[in-house]
Amino acid sequence: MFLTKQFNKSATLLTTTAAAMILSTNALALSVEEGGAIVKPFYDFLSNPTDTRQADKARQSFHSDWQSFYDNSGSKNLDQTIETLSGIGQLIPDLNWEIKDIKIAGDTVIVRGEATGTPAGDFFGVAHSGNSFKIMSIDMHTVEDGKVKTSYHIEDWATAMRQLSQAK
Numbered sequence: 003m004f005l006t007k008q009f010n011k012s013a014t015l016l017t018t019t020a021a022a023m024i025l026s027t028n029a030l031a032l033s034v035e036e037g038g039a040i041v042k043p044f045y046d047f048l049s050n051p052t053d054t055r056q057a058d059k060a061r062q063s064f065h066s067d068w069q070s071f072y073d074n075s076g077s078k079n080l081d082q083t084i085e086t087l088s089g090i091g092q093l094i095p096d097l098n099w100e101i102k103d104i105k106i107a108g109d110t111v112i113v114r115g116e117a118t119g120t121p122a123g124d125f126f127g128v129a130h131s132g133n134s135f136k137i138m139s140i141d142m143h144t145v146e147d148g149k150v151k152t153s154y155h156i157e158d159w160a161t162a163m164r165q166l167s168q169a170k
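Each residue of the sequence shown is one higher than the one before, counting from 3 in our numbering.
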């Protein structure tokens with residue numbers, strides 16, 4: 003009888019602790035609106051990558067040690083990313099990056115985006131044709147203290163190259 007009472011007390015304590023942990027984790031999860039507001043300045047910059055004001059606004063939404071992972075082994079810091087995107091903006095002056103959908107997984111904002119544009123010159127080895135592209139992107143932004151700490155992203159550049167090389 004004594005062991006049964008002790009077991010019931012321990013089980014109740016364990017259940018209460020587990021429930022508190024689950025509730026506190028859910029309380030820390032971002033809403034879609036909060037996540038969208040945090041990452042929106044980055045997508046505004048992606049659509050205006052030569053605009054230094056947009057770059058400054060985007061900078062404010064990232065931690066100073068933010069890293070952008072473009073594959074499983076390489077990353078760029080914020081300054082390198084802004085420089086790269088500025089170059090892309092010069093090549094694709096009408097670049098537009100639209101947020102199509104946002105999902106939240108704990109502290110991660112997952113964005114399905116759509117990029118469109120018409121390169122003003124050769125692009126990824128594809129001769130300039132005047133064609134435009136429309137591709138999907140998937141980005142995972144980890145948020146810490148209200149700012150983006152890391153971003154993992156993939157863009158469907160193979161489709162862009164195919165679209166750009168098609169005969170008109």
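What the hints contain is simulated information worked out from the structure, not anything from laboratory work.
Each hint should be verified, as a subset may be incorrect.
[To be verified] Here are the simulated EDC-like cross-link-like pairs (lysine to aspartate or glutamate), alpha carbons at most 20 angstroms apart as the crow flies:
hint: 1; residue 1: LYS42; residue 2: ASP81
hint: 2; residue 1: LYS42; residue 2: ASP58
hint: 3; residue 1: LYS105; residue 2: ASP58
hint: 4; residue 1: LYS102; residue 2: ASP81
Checked hints:
1. LYS42 <-> ASP81: At roughly 18 angstroms apart (the allowed maximum being 20 angstroms), ASP81 and LYS42 satisfy the hint.
2. LYS42 <-> ASP58: This hinted pair holds, its Cα atoms lying about 13 angstroms apart.
3. LYS105 <-> ASP58: violated, 26 angstroms
4. LYS102 <-> ASP81: Roughly 26 angstroms separates the two Cα atoms, so the pair is violated.
Consistency with the previously given hints fails for numbers 3 and 4, ordered from lowest to highest.
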